[in-house]
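Undergrad: The primary structure of each chain is shown beneath.
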Amino acid sequence: MIRTEGLTRRFGARTAVEDLALEVREGEILGLLGPNGAGKTTTVRMLACLLAPTSGRAWVAGHEVGRDDQAIRRIVGVLTETPGFYKRLSVRRNLLFFAELYGVADARGQVQRYLERLGLWDRRDEVVATLSKGLRQRLALARALVHEPKVLFLDEPTSGLDPESARAVREFIGELASERRTVLLCTHNLPEAEELCSRIAVLRTRLIALGRPDELKRQMFGTRVMVELGNPQPELARAINLPFVKAASLDGSILTVEVDDPDRDNPVLVRRLVELGAEIRYVSRVERTLEDVYLELMEGSDGPA
Amino acid sequence: MARLKVLVRKEWEELFKIKMVIYGSVFMPLLMGGFAGFMVWQGRGLPSGAQAALFNTALMYFLILPVMIPVTLAVYSVVGEKEQGTLEPLLATPLADWEIFVGKALVAVVPALALTWGVFLLFLVATHVMLGGIPPGLVSLPWLLSIFVLSPLLALFGVLVSMLISSRTSDPRAAYQFSGLAVVPSLIPLIVYSARLTAVNLLLVALEGGILVLLNLGLLYVAVKLFRREEILTRWK
Ligand SMILES: Nc1ncnc2c1ncn2[C@@H]1O[C@H](COP(=O)(O)OP(=O)(O)OP(=O)(O)O)[C@@H](O)[C@H]1O
Ligand SMILES: [Mg+2]
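Those protein sequences? They're chains A and B, same order as listed. Start counting the first sequence at 1; every next residue gets the next number (the numbering used here). Start counting the second sequence at 1; every next residue gets the next number (the numbering used here).
Bound conformation, chain B alone (with noise of 0.2 Å):
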């Protein structure tokens, strides 16, 4: 545990020190929260059909935030790692390879949802501000289930899915570019609310939900495998 402490610090203080890196976590997630909240300023005194629809878009903002953000942390996080001949004097330390892995996961999953949450805050802030309330839809259970359920699975997607390519390559921009496809099941709820122009409902999150349960534990599985001392020192390029 107290290794595991030692090592997030680094990761963090580390992070901070690359610009890439705060433009991504800072920038992007304000950028997102504007846009949520554009959308609940556009919908007002629409048919509730209609509302109904741009508060789904809005929604979406804050299911790509929580994948977003841990792809850009994880490929740093592990890319650099590699570009700077680090592995081999960390894996010679006392810490666990499962330390290892759940340290590099961490760093990126716990600023992802500290921010998600954050600005989603920020959002009824400005929403309750601009409307001079809040409109139930914004705080019904499937928003609040998306925003507080979803977003730490599709958070630990980013982060697996990242992982998993970074391991194999060592430059970081196609790391990232490649990591970028993990946005896709963020997407679901949009495509299926802008063919149907139904609300979110709990049907749907609970679908995608037990959906992102089964890939995260798939790619768990071999993540766990690709983060043995061995396979870093012999496998990853």
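Bound-form chain A, shown alone (with noise of 0.2 Å):
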């Protein structure tokens, strides 16, 4: 639904994203990481057709980033890292006003719908001004959707909102991609990003890392297993000494094992420590978190960011 090949942009001197190649599929939510500076914003605003890129192409429901802009317009919806709205108009007349500027059949019976669907019918007739900021997030949802566009680029969603308001973004968000919509979402947010992408792109003006977040963790991390031991002894770690055994440390009585696939290997390395004369109280998986992935891989790049 979404493709870029060598997609680069700069701004002066300074590359905000460079050489990015990234796919993503129709009803796919895919995630977007990176730090401050990392070129989400840029990436999404090249998709949309608001900044031309500097070199390399797009293509968005197949139609070309630079050729085809009017086009692409017309079905993507996004909703900006600082969504504004005309706070001397009411909710309705501001959703009404972009529902038209897309053309929409129906525009009223659209606007109700979604003012319905995100929670803001009751208060159609405020001002925006009197909003809060979670209420407003939601108007912006709604915004992003009203022409039901088949894709979606959301930045930093869920930022500055309190958690349940966060949940509630969250869910709905969740709702996209059952409704096939293919839906590229930025955020800083990494629970969230595990929660809701069925991949994850880290982007440092380069693309750094693509993958399902299990992927991803197993990739970087392998899988641990942590095994907790009645007679700890310093030397245990290094006398493993099994093939499949990436890495191994004790920390008190918590020996940490990082192997390659832990339903073959595990019931190998209890056999082993037994040997070795350890006395094994518990075995366990550690659960690394697309955090851990995430920071991993910050410390391994250096960028610009």
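One or more of the hints may lead you astray.
Stated by the list, open to error - Lysine to any residue pairs mimicking SDA-like chemistry, simulated, CA-CA at most 25 Å apart:
hint, chain 1, residue 1, chain 2, residue 2
1, A, K133, B, L233
2, B, K237, A, T15
3, B, K225, A, D68
4, B, K5, B, L30
5, A, K87, A, G109
6, B, K237, A, G84
7, A, K133, B, G85
8, B, K5, A, R93
9, B, K225, B, V8
10, A, K87, A, Q110
11, B, K82, A, G109
12, B, K82, A, P83
13, B, K17, A, R136
It should be emphasised that the hints constitute simulated quantities derived from the structure, not laboratory data.
Two chains, each in its own frame: build the complex with the hints.
TA: So this is what it looks like as structure tokens:
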């Protein structure tokens, strides 16, 4: 649904996005992660035909960016990083304006549908200036959706929201994928990305990782097993010496071992530990979070950011 | 075309909610029209030379109006968009670059001309009532050309100047003050007339019209470049 090839954008001497090759499939939520200044917003702006790429190409729903911009604008919805509204106009009037600009048939009906869906119908006649940040963010989502776009770009949709509002927005985004919409989601919230996204792209001017969250975790860390010992001995970690063990370390009574495939390797590991005279109390899996992956990636990559 | 209408309608609804704008576009025209009427009233019974000078001053009010009204409207229409952070969502819609520019210009030019001409009509009616007839000097060809040809050129000039200035600052007051300088070309006739005490004539109207056309073409060229999506998003402050 979205494809980029060597997509690059420079601002003067500064490169914001370099040589980005990415593909987002139809009905997928792809998370775009990266530190401040990584080029997430710039990427979204290029794909939404707001900024021209310096070089490289991109396609959205078969239309090429830079050649067919009007067609792209009609079928994408954008939630910008800081979504503003005409604060003197009412909630409904704001949404109606955008619906009409997109040429939505039955604009009024569609506006009502989305205001109801996002729980704003009761406040339809209030001016936007009176809305809280959370409600404004919901209105921004309604605006991004009011013309039923096939492709959505959501730039940090939950930033600055309280946990409850953030949850409401997150649940709503979850529904979008089930409507077969394709979503590119920029976020700094890693649990959120892990919960919502089928795949994650980590960007730091260049693309530094791409994959399903569990894939990324496995690639980065293998799988960790934690063994709690009754008689920890300092030299135990080095003594294991099995081919599939990538790393092992002892910290107090906890031995942490990285293996390739726990189903296959753990029984062998346990047998070996017993042979070495270890007294085993518990064996458990160490869950890595996407945050661990992310932080590890950031340490390993040096980019301008 | 449909999108243009949608944009213009939204702008007017929004502008209508700003007190400054309402004062600027209702109070000021009435005030200027009142001044013009006063000049004509003062001129009654005077020798024709002195009367002509007063009429010229009256005409000048009708040349200031079409500049000042669009300045207020255009400044708020552009700065308001920046201030509220609505530019990016607006640029994400299928609105074409030229539609944004033309829409914002129309928002200001149309009411400016409607108000100028409306006040001019009121002025003629008032003159008729006051003097029992309209002095021929007020509906001479140079006068009518000034009102119906110079005014639109001046309105466009006012709009272009204020749109350019507004794209460079997010402070409506500063933009408003700088854009006020756009009124200078309207004063040209006054300066010429008051130095020479000659009645408004075709040559002066043609000269000022020519100057305005050139200025407008130059400004239009700059404005069209400034109103490109990328420019708006990355360079506007
Ligand atoms: N209009 C611009 N002019 C000059 N430089 C820009 C412009 N827009 C972005 N940049 C630069 O491009 C780089 C990428 O910025 P971008 O906003 O895309 O990052 P981001 O990943 O969205 O960051 P954040 O997480 O803070 O939102 C930054 O170094 C930024 O300073
Ligand atoms: Mg950003």
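Undergrad: Checking each numbered hint in turn, tell me which of them this model violates, lowest number first.
TA: Going through the list in order, the structure violates hints 4 and 11 and respects the others.
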